[in-house]
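**Student:** Chain residues, written in single-letter form:
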Amino acid sequence: MSNLKYALFTGCTAKQSTPELLSSTLAVAEKLGIEITILEEASCCGASHLQDFDEFLAHVLNARNICYAEKLGMTMITICNTCQLNSAMTKHALDTDPELKARVNEKLAEVGLEYKGTSEIKHFLYALIEDYGLEKIKDQVKVPLSQFNIAPFYGCHNIRPSELHHNVNGGENPYNPTSLDQLIEALEGHPVDYDHKNKCCGFHVELQANHTSEVLAGNAMVDAIDNNADLMVTPCPLCHLKMDTYQDDIGHVIGRDVELPVLHMPQMVALALGCTEKEIGLNFHVQKATQIYSEAQN
Amino acid sequence: MSDTVTVTLKTFRFNAETDYLPYYKHYEMEVGKDELMLDLLNRIKWEHDGSFSYRRSCRHGICGACGIKVNGKATLACKQNALELVKLFGNELLIEPQSTKRAVKDMIIDKKDFWDKHAAVKPYVVADIDPHPEHETKQSIEEFNKFLDADLCIQCGSCHYACPVVEVNEDYFGPAAFVAAYRFTVDTRDEAGEERLELTAQMGQGVWDCVKCFECAEACPKEINPIEKITKLHNLQFEKKVAVSNVATRHAEGFVRSIKRHGFLDEADIVIYSEGYLGMYKHLKTAVKMLKAGKIHWQDSLPFVDNVPKSKNLSEIQKLIEISQTNKL
Chain H
29 MSNLKYALFT GCTAKQSTPE LLSSTLAVAE KLGIEITILE EASCCGASHL
79 QDFDEFLAHV LNARNICYAE KLGMTMITIC NTCQLNSAMT KHALDTDPEL
129 KARVNEKLAE VGLEYKGTSE IKHFLYALIE DYGLEKIKDQ VKVPLSQFNI
179 APFYGCHNIR PSELHHNVNG GENPYNPTSL DQLIEALEGH PVDYDHKNKC
229 CGFHVELQAN HTSEVLAGNA MVDAIDNNAD LMVTPCPLCH LKMDTYQDDI
279 GHVIGRDVEL PVLHMPQMVA LALGCTEKEI GLNFHVQKAT QIYSEAQN
Chain R
56 MSDTVTVTLK TFRFNAETDY LPYYKHYEME VGKDELMLDL LNRIKWEHDG
106 SFSYRRSCRH GICGACGIKV NGKATLACKQ NALELVKLFG NELLIEPQST
156 KRAVKDMIID KKDFWDKHAA VKPYVVADID PHPEHETKQS IEEFNKFLDA
206 DLCIQCGSCH YACPVVEVNE DYFGPAAFVA AYRFTVDTRD EAGEERLELT
256 AQMGQGVWDC VKCFECAEAC PKEINPIEKI TKLHNLQFEK KVAVSNVATR
306 HAEGFVRSIK RHGFLDEADI VIYSEGYLGM YKHLKTAVKM LKAGKIHWQD
356 SLPFVDNVPK SKNLSEIQKL IEISQTNKL
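As given, the protein sequences belong to chains H and R, one line each in that order. Each residue of the first sequence is one higher than the last, beginning at 29 in the working numbering. Each residue of the second sequence is one higher than the last, beginning at 56 in the working numbering.
Below, in silico cross-link-like pairs of lysine-lysine (DSSO-like), each with a Cα-Cα straight-line distance of 27 Å or less:
#	chain 1	residue 1	chain 2	residue 2
1	H	43	R	347
2	H	129	R	201
3	H	99	R	315
4	H	43	R	340
5	R	374	H	144
6	H	129	R	367
7	R	315	H	129
8	R	315	H	43
9	R	134	R	156
10	R	337	H	43
11	R	374	H	43
12	R	347	H	316
13	R	347	H	306
14	H	316	R	337
15	R	365	H	144
16	H	316	R	344
Calculated directly from the structure, the hints in this document are not laboratory data.
Put together the whole structure using the sequences plus the hints.
**Tutor:** Set out below in structure tokens:
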């Protein structure tokens, strides 16, 4: 058991199109004795798109989310790279610009809140690795993932810009990230080494620049497949949505079949810790992934 | 020489005039703690092969000539300590030009696309001024601060050739051109701001094709953070009423619509709102797959059914939007 306590900012996708992300996260936390309080008051982080429309409003809404973690006196954890980035960008902006902080707090005061800057913001991946510890995770493995070649896909918003994330991601270097590889090894899986592990999946221009989006996702998937990946794992549900949901379109654009199950990081951990099939929720994937559960048990 | 490290430089070699394909040559050398990547390039040329070619000039991080990639990392050779990279990547370093497909000779690339795009955004003050002024056009500290750090760009191309969109979409201006566009658009002496905003608002070439990967922010040797300026350009489009309603602008603005109603993003609504009902035909195939997997529900797209989870204390969020929103589409 651990005495770790976190305020969980679920983000929008975990509450809608990727329910398996939320259920597997909670299952992992329970198995490891990590206490989670869901920030039910939180709103959308703006996903970098609200920021394009109205940067100040995005800061106000993200600051409000952080206020609720501060009220609990807890570190806020995220399970989406983009939530992590946008929350951390607001925190950084307010913590380094007193004038902006005052302007934001003036708005927050209208609803009885104040941003103080007392809560850290950290992705669940790094909470597991840095706070809980890889060695302790190793001890908890019930279902070793030794039969799988697993391609880690880091997702941009956890690793870049490095200056922003440095204090909460174990100093991960965006040109040579290692945390997911280490986590895969701790669960006795075989990490796949491939060039595109730290590249962009193209999710954010899915609507307006579809071709770019499909090519970027395709490049990464083909690279993983050519390096013998059985499955891909990512800490970001937006990377997951792009690479799981659009495999047909991606294959069509790059002229090659891409068929690869794409797991959320907590699903992979949940699988190795022996969580239930329902908690892991592989049935919610577009690319068939349910076989991974039965394969892992053998 | 006791604190040196043995390093192998796996170096991209290519001469467009004589070679059909590029190849990689290995150069092994003892590298000391104070040596820069530029020193190692010099040593390849001086100690191993005089035909090895690369651009260099100032040696002070000002001229922007010596940009290369080391193990994929955008690197200004004269600023980068070599052993720092050894610590990061190990004793074999992969030395490549910024863009292998643009290679002319070894590290030298044809930067034509970079310069064309840079020039296209009019990277200079456009103003109708008296050719024989009596006094200079002064800038106050406040006015100067508006540039942020965009003025520090040395046009090295590190961000441009780190940008994955530049590689895929040849119309895309790229981060360095956007930094220049921002720099001169916010200059109070300049009169071409609106023109630049319109230019950088165009689909395909403009800021809406940015994938938000932050490669540019990581690549810049002057720590300019180009994507910060890209976000500013996005915001300026709305502030200056240059933004036209299209799939990308509605997508950005649609977040307010969703957050106002639910606190969370309504994933189905944002697609319908951005694309319009007619544009939804593109997404039908995907929607059916997502339905089958239980990622979305058939009721989600019906205007009279509200399936979206709500944030607790939603009225706070609505109030904050009401008093904080600064832009409109």
